[in-house]
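K.L.:
Sequence:
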Amino acid sequence: MARSFYLATLLMLLPVALAASKSSMIGVSSPLIIWSSSDKNVKASRVSYEVLSDVEGVASDFVLSAIGKEKGDADMTPYLIGADDGVVAVFLGKELDTSDLRSSSAVTTLKHILDDASSSIVFPYAASKGSIKDSLVNSLTASDVKFRMVNCEADASEKNLKSAIKSALKQKPRVLLICPAVSAIPNSDEALESEMHQLTVTEKALHGVNHMVMYSSAPELLSQVDISISEVRRRSLLADFSGFGNYTTCGTLCQVQVRWLEALLAVLFMAIAACSGLFCLYILDTPTRFQVAKDV
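Remember, my numbering sits 94 above the position in the sequence shown when you count from 1.
Treat the hints with care, as some may be off.
[What the hints assert, rightly or not] 35 Å max Cα-Cα, derived DSBU-like pairs, lysine-lysine:
#1 Lys240 - Lys205
#2 Lys227 - Lys205
#3 Lys163 - Lys188
#4 Lys298 - Lys223
#5 Lys223 - Lys163
#6 Lys264 - Lys240
#7 Lys227 - Lys253
#8 Lys264 - Lys298
#9 Lys223 - Lys256
#10 Lys188 - Lys298
#11 Lys266 - Lys298
#12 Lys256 - Lys163
#13 Lys298 - Lys205
#14 Lys298 - Lys260
#15 Lys298 - Lys253
#16 Lys240 - Lys188
#17 Lys298 - Lys240
#18 Lys223 - Lys253
#19 Lys163 - Lys298
#20 Lys163 - Lys240
#21 Lys227 - Lys298
#22 Lys205 - Lys223
#23 Lys253 - Lys205
#24 Lys266 - Lys256
#25 Lys188 - Lys266
#26 Lys260 - Lys205
#27 Lys264 - Lys163
#28 Lys240 - Lys260
#29 Lys266 - Lys163
#30 Lys264 - Lys253
#31 Lys266 - Lys205
#32 Lys223 - Lys188
#33 Lys240 - Lys266
#34 Lys256 - Lys298
#35 Lys227 - Lys188
#36 Lys227 - Lys260
#37 Lys256 - Lys205
#38 Lys163 - Lys205
#39 Lys264 - Lys227
Worth flagging that the hints you see were computed from the coordinates, not collected in a lab.
Model the full assembly from the supplied sequences, consistent with the hints where possible.
P.N.:
Listed below in C-alpha cells is the structure:
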C-alpha cells in the first residue's frame, strides 16, 4: 500500500522537465524507469532525484552492470539482476516525457507494472542528447555481449511484438533492445497510448523469465525542418493576420472581430442609457413637453 501511494504521488507530481538544447535542436526531459522480476532482489521501490544529463551513458552502464560486465554503483546494485541469470530488456520508447506523466493512462500503466515488479528504481529527470539505441549497441558490441534487436525494422508492426520477443528469447541473448512500432502521429496522445500498450505487451511476453526491464524514453529531437504536428498548429495560430498572432498587427480577421465588438458595445451602451432615462422619468414624474402642468 505504501509503495503504491508514493508511486502515485511521484508520477502525478513530477515538476517541469529539464531542457537539453543543442544548436538548432531541442531536447526533452523524460524519465528512466528500471524494474526487476528477480525474487532474490526484493527491495522497496525507490526514486532517485539525481539529474541524468547523459542518459545514454547511464543506460549503458546500467545494462552492463546488470549482466556483470561492469561493477555498478553500490547504491544501485540491489535493483539489478545477477550476472549468471536473467535477461535485460531495454524498451526504447519515444513518446513519453516528464510532462506526460500527468496523463492518467500513462500513470496507470506504469503504476501497474511497478506494483507487480519485485524491485524498481525511477529517475524522473533524464535528458537525452543523442541516440540511446546507438549508444547501447556500441557498448554491447565493444563488450562482446550477445544481444538481439526486436521490432526495430522500418516495417515493424505492433501486432508482431509479442511473437518477436518470444522468438528472440529462444536465442538466449543477454540483452534485448526492443523498439515500439508506433503507427499514430508522433507526439500525440494516440502514439503515447500505443507505446504504453506495447510496454505492457513486452512485460507479459517476458512473464516466466527472470528479467530486468529498462524503459528509456527519448522523444525525437525537433529541428526547424522536422517539427511536430502540434508545433505546426501552434505556429499557425500565432501567425500574423490570423487574429491571434503578433499583437501589433491586426489582419482582416482581427479587424472584423474589432468591428463586431465595437458594435456590440455601442448597442449595449445605448440600451443602458435608454433604460436609465426611462427609469429617471418614472421616478421623478417629470412632465414632458406635451404635458400641461395641473393648476394648483
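K.L.:
Now tell me, hint by hint, if it's right for this structure.
P.N.:
The hints, checked one at a time:
1. Lys240 - Lys205: holds (31 Å)
2. Lys227 - Lys205: With Cα atoms ~25 Å apart, Lys227 and Lys205 stay inside 35 Å; holds.
3. Lys163 - Lys188: holds (27 Å)
4. Lys298 - Lys223: Holds. Lys298 to Lys223 sits at ~31 Å (cutoff 35 Å).
5. Lys223 - Lys163: The hint holds at about 25 Å.
6. Lys264 - Lys240: Satisfied, since the Cα-Cα distance of roughly 13 Å is no more than 35 Å.
7. Lys227 - Lys253: holds (22 Å)
8. Lys264 - Lys298: Since the Cα atoms of Lys264 and Lys298 sit roughly 16 Å apart, the hinted pair holds (cutoff 35 Å).
9. Lys223 - Lys256: holds (30 Å)
10. Lys188 - Lys298: Within the cut-off at roughly 20 Å; holds.
11. Lys266 - Lys298: Holds. Lys266 to Lys298 sits at ~18 Å (cutoff 35 Å).
12. Lys256 - Lys163: holds (28 Å)
13. Lys298 - Lys205: Holds - the C-alpha atoms of Lys205 and Lys298 are around 15 Å apart, at most 35 Å.
14. Lys298 - Lys260: holds (10 Å)
15. Lys298 - Lys253: Within the cut-off at roughly 14 Å; holds.
16. Lys240 - Lys188: Status holds; Cα separation ~24 Å.
17. Lys298 - Lys240: Holds. Lys298 to Lys240 sits at ~22 Å (cutoff 35 Å).
18. Lys223 - Lys253: With Cα atoms ~31 Å apart, Lys223 and Lys253 stay inside 35 Å; holds.
19. Lys163 - Lys298: holds (27 Å)
20. Lys163 - Lys240: Given that 35 Å is the threshold and the Cα spacing comes to 12 Å, the pair holds.
21. Lys227 - Lys298: holds (22 Å)
22. Lys205 - Lys223: holds (27 Å)
23. Lys253 - Lys205: holds (24 Å)
24. Lys266 - Lys256: holds (16 Å)
25. Lys188 - Lys266: holds (27 Å)
26. Lys260 - Lys205: holds (24 Å)
27. Lys264 - Lys163: This hinted pair holds, its Cα atoms lying about 22 Å apart.
28. Lys240 - Lys260: Answer holds: Lys240 to Lys260 is near 16 Å, not above 35 Å.
29. Lys266 - Lys163: holds (17 Å)
30. Lys264 - Lys253: This hinted pair holds, its Cα atoms lying about 19 Å apart.
31. Lys266 - Lys205: holds (29 Å)
32. Lys223 - Lys188: Holds, because 13 Å separates the two Cα atoms, which is no more than 35 Å.
33. Lys240 - Lys266: Cα-Cα ~8 Å, so holds.
34. Lys256 - Lys298: holds (8 Å)
35. Lys227 - Lys188: At roughly 11 Å apart (the allowed maximum being 35 Å), Lys188 and Lys227 satisfy the hint.
36. Lys227 - Lys260: holds (21 Å)
37. Lys256 - Lys205: Holds, at roughly 21 Å.
38. Lys163 - Lys205: holds (30 Å)
39. Lys264 - Lys227: It holds: about 22 Å lies between the C-alpha atoms, which stays within 35 Å.
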